[in-house]
Amino acid sequence: MNIVGRRKIWYGIVLLLLIPGLISLMLQGLNMGIDFRGGSLLQIQMEQQPDVAKIRTVLDQYQLGASSYIQLSENNNVLIRTVSLEQDKLNQIMESMRGQFGKIELLRDENVGPVIGKELATNALLALGMAMLAIVGYMTYRFEFKFAIAGILSLFSVVLITTGIYSIFQIEIDGSFVAAILTVIGYCIHDTIVIFDRIRENLQRKKRDEALEDLVNRSVLETMTRSINTVLTVVFVLGALLVFGGETIRVFTLAMLIGVVLGGCSSIFNASQLWLDFKLWEKAQRVKAKTNAV
Amino acid sequence: MNTKKTLQLVAMILLVVVAAALSYNPISKSIKLGLDLQGGLHVVLQAVETPGGPEVTREQILQVQSVMEQRVNGLGVTEPIIQPQGNNRLVIELPGVQNPEEAINLIGRTALLTFRTADGTVVVEGKDLKKAKEALSPRNNQPEVLLEMTAEGTKKFADATQANVGKQIGIFLDNDLLQNPRVNEPILTGQASITGYSNLEEARNIAMLLNSGALPVKMEIVEKRTVGPTLGADSLEKSKIAGMIGIGLIFAFMVAYYRLPGVVAVISLVLYSVIVLGALTLLKATLTLPGIAGFLLSIGMAVDANVIIYERLKEELRRGKTLRVAIEDGFNRAMHPVVDSNVTSLIAVAVLFFLGHGTIKGFAVTLGIGVLASLFTAITFTHYLLRLTHSSGLFNNSKLYGA
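Note that the protein sequences, when read in sequence, are chains V and D. Numbering of the first sequence is given in full-length UniProt numbering, commencing with residue 1 and proceeding in unit increments. Numbering of the second sequence is given in full-length UniProt numbering, commencing with residue 1 and proceeding in unit increments.
Each hint should be verified, as a subset may be incorrect.
[What the hints assert, rightly or not] With a Cα cut of at most 30 Å, we get these calculated DSSO-like pairs of lysine-lysine:
id, chain 1, residue 1, chain 2, residue 2
1, D, K156, D, K131
2, D, K155, D, K127
3, V, K206, D, K321
4, D, K321, V, K207
5, V, K206, D, K314
6, D, K218, V, K89
7, V, K54, V, K89
8, D, K314, V, K207
9, D, K218, V, K118
10, V, K118, D, K361
11, D, K238, V, K103
12, V, K89, D, K127
13, D, K238, D, K32
[As the list claims (entries may be wrong)] Pulled from the structure, derived: some chain V residues nowhere near chain D, Cβ distances all over 12 Å:
id, residue
14, R7
15, G12
16, L17
17, Q28
18, N31
19, L153
20, L160
21, Q170
22, E213
23, F269
24, F278
Hints listed in this document are in silico derivations from the structure and should not be mistaken for laboratory results. Ideal Cβ positions, reconstructed from N, Cα and C, are used throughout, including at glycine.
Please construct the entire structure, taking both the sequences and the accompanying hints into account.
If you want it as structure tokens, here you go:
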């Protein structure tokens with residue numbers, strides 16, 4: 001099987017996957033939840049099927065009808081997202097709701113001020129940047145700079161595609177999305193390093209007549225079973241969490257699932273190939289420099 | 001067959017099983033659950049800086065902290081967390097609080113306390129009041145509220161009471177009149193009492209309100225999250241089920257694909273789980289919903305270490321090495337990628353830990369402990385167990401190793 005020889009095809013696929021997400025990110029951005037924007041989220045359980053129109057009428061009494069987003073959920077639950085509510089106002093609204101719907105229970109109530117939201121967004125970007133830098137540093141130390149750049153590029157595409165998917169489908173992101181992306185970063189590199197390690201090892205025992213391209217291909221193939229099995233086991237866990245784990249962590253699990261699967265593919269089809277191209281390019285430059293000198 | 005080694009092997013396996021069985025109860029009883037799993041309240045208060053006014057100091061936030069501690073004490077929450085964040089914030093977490101609404105109203109009452117004379121002049125401010133406490137008067141056994149002033153407050157209060165004997169001094173929270181006691185005599189010691197309550201409960205409420213108004217700065221709620229106990233229990237139940245299914249699938253896959261080493265892996269993973277959960281309990285870490293996900297994910301990484309080792313083992317066997325040599329070589333070769341890949345995961349985890357807060361921190365802690373424990377079990381236990389399985393002489397067919 002020649003995975004490395006066909007690398008132009010894989011690069012093409014990555015670009016194809018990247019473009020729609022990037023366009024969507026530029027045009028409509030991400031659907032930021034209250035964790036980032038600031039605002040209030042109420043989860044209320046009713047005794048019967050909630051009536052959205054009636055709920056909106058109640059909210060209208062507080063001039064919130066238009067700015068609120070009402071979403072029905074399992075077990076007669078309703079989620080209301082609205083602007084940041086003061087405690088007094090929240091108490092009044094709950095009073096009115098009880099007047100209208102009888103016995104209801106406030107299951108969850110979150111209120112995030114705009115200051116905190118902005119901080120979270122800044123912190124998230126900071127965390128992403130720092131994690132990437134630290135990983136580049138470690139890989140340069142253990143392997144070489146070209147491995148680090150290849151790994152980070154492949155990883156960056158995974159993060160962008162995942163974020164792009166959230167943008168295209170306008171899935172609301174919350175603080176846990178950041179944690180999921182950071183975990184995907186750790187996991188992708190984890191995946192890639194095992195293949196890089198194999199290249200490093202094979203380089204030490206390189207036969208004279210074996211082309212670098214063939215060596216990389218051999219290394220990818222030798223670690224293929226492990227790459228697939230490892231992604232599979234994580235998919236088992238994340239899949240179970242996604243199906244049975246309840247709604248509260250769905251954003252988190254889904255992002256992680258997409259990222260881990262993409263990361264697995266990317267480490268097989270992209271990371272080592274990128275490294276190879278860097279290597280070949282460097283060689284070509286050197287040959288050029290030599291001929292120029294002569 | 002080597003009887004001694006076989007006995008050792010059986011003993012090891014029994015040891016793991018017994019350890020898992022014995023630790024199940026203590027761990028599940030004493031592990032701390034986060035707000036999202038047992039319900040509760042999480043509030044972040046931030047000091048409001050008046051434009052042109054003095055800057056908020058950490059000192060003041062510490063004062064607010066002690067006031068909040070007093071107020072929360074009345075709620076009967078077993079393990080409240082009240083801690084400053086940065087220089088102008090205070091984080092309050094009340095896990096398992098029965099009535100979050102009551103709690104938030106108590107915490108949220110951040111109004112400024114003032115003592116005013118009949119004509120509205122402010123004579124004493126909240127920061128001058130050291131503390132208020134309810135008590136039964138030693139003289140007539142009637143409920144009363146005892147006030148204690150700070151050094152500066154004592155002076156101000158002495159001046160005010162001297163000038164207002166026989167008149168009333170109103171105690172206001174913002175603009176609400178809370179109490180309107182009459183000054184019977186000048187009070188020079190900074191210790192005063194207000195009487196006239198119908199019961200001790202009433203006196204206690206007033207004392208709490210006075211304490212709340214004794215905030216040195218005005219605080220506002222910038223973040224608040226409450227989770228009802230039903231939702232928390234539901235999340236816990238669901239993630240337990242999901243976790244068991246996920247782990248079950250992994251175990252089944254490992255045994256089906258890797259045969260005997262797969263069984264070894266399953267035993268190592270059981271030990272691994274006991275170590276991680278035990279460490280979480282001992283460190284008094286709080287298990288949150290993302291924390292459970294972190295734990296499950298770290299199982300994936302622990303499996304990965306095993307997968308890398310067994311794939312190597314198979315390769316070495318295919319190269320025609322004997323089983324004994326293949327186990328040693330495969331293991332040693334596998335250590336490079338296992339260590340490198342886990343260190344990079346730890347880097348991401350460390351960033352999460354230092355920059356994240358709340359539930360994300362919980363996630364980082366469990367994932368971090370998980371990665372460390374996975375390294376530990378893979379390097380020591382899996383290796384040892386594999387050697388033992390081989391040298392017991394029971395399983396020497398290399399087919400059993402999937403080669």
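Going through the hints against the structure:
1. K156/D / K131/D: holds (16 Å)
2. K155/D / K127/D: holds (13 Å)
3. K206/V / K321/D: It holds: about 21 Å lies between the C-alpha atoms, which stays within 30 Å.
4. K321/D / K207/V: holds (21 Å)
5. K206/V / K314/D: holds (22 Å)
6. K218/D / K89/V: Given pair K218/D, K89/V holds - Cα atoms ~20 Å apart, limit 30 Å.
7. K54/V / K89/V: holds (19 Å)
8. K314/D / K207/V: With Cα atoms ~23 Å apart, K314/D and K207/V stay inside 30 Å; holds.
9. K218/D / K118/V: holds (22 Å)
10. K118/V / K361/D: Since the Cα atoms of K118/V and K361/D sit roughly 19 Å apart, the hinted pair holds (cutoff 30 Å).
11. K238/D / K103/V: Status holds; Cα separation ~25 Å.
12. K89/V / K127/D: Roughly 29 Å between the alpha carbons, so the hint for K89/V and K127/D holds.
13. K238/D / K32/D: Distance ~18 Å between K238/D and K32/D Cα, so the pair holds.
14. R7: The claim stands: R7/V keeps its Cβ more than 12 Å from every Cβ of chain D (closest is about 22 Å).
15. G12: holds (28 Å)
16. L17: Holds, since 23 Å exceeds 12 Å.
17. Q28: holds (26 Å)
18. N31: Since the minimum Cβ distance to chain D is about 20 Å, N31/V lies beyond 12 Å and the statement holds.
19. L153: L153/V is indeed farther than 12 Å from all Cβ atoms of chain D, at 15 Å.
20. L160: holds (17 Å)
21. Q170: holds (23 Å)
22. E213: holds (22 Å)
23. F269: holds (18 Å)
24. F278: holds (20 Å)
Of the numbered hints stated above, none is contradicted by the structure.
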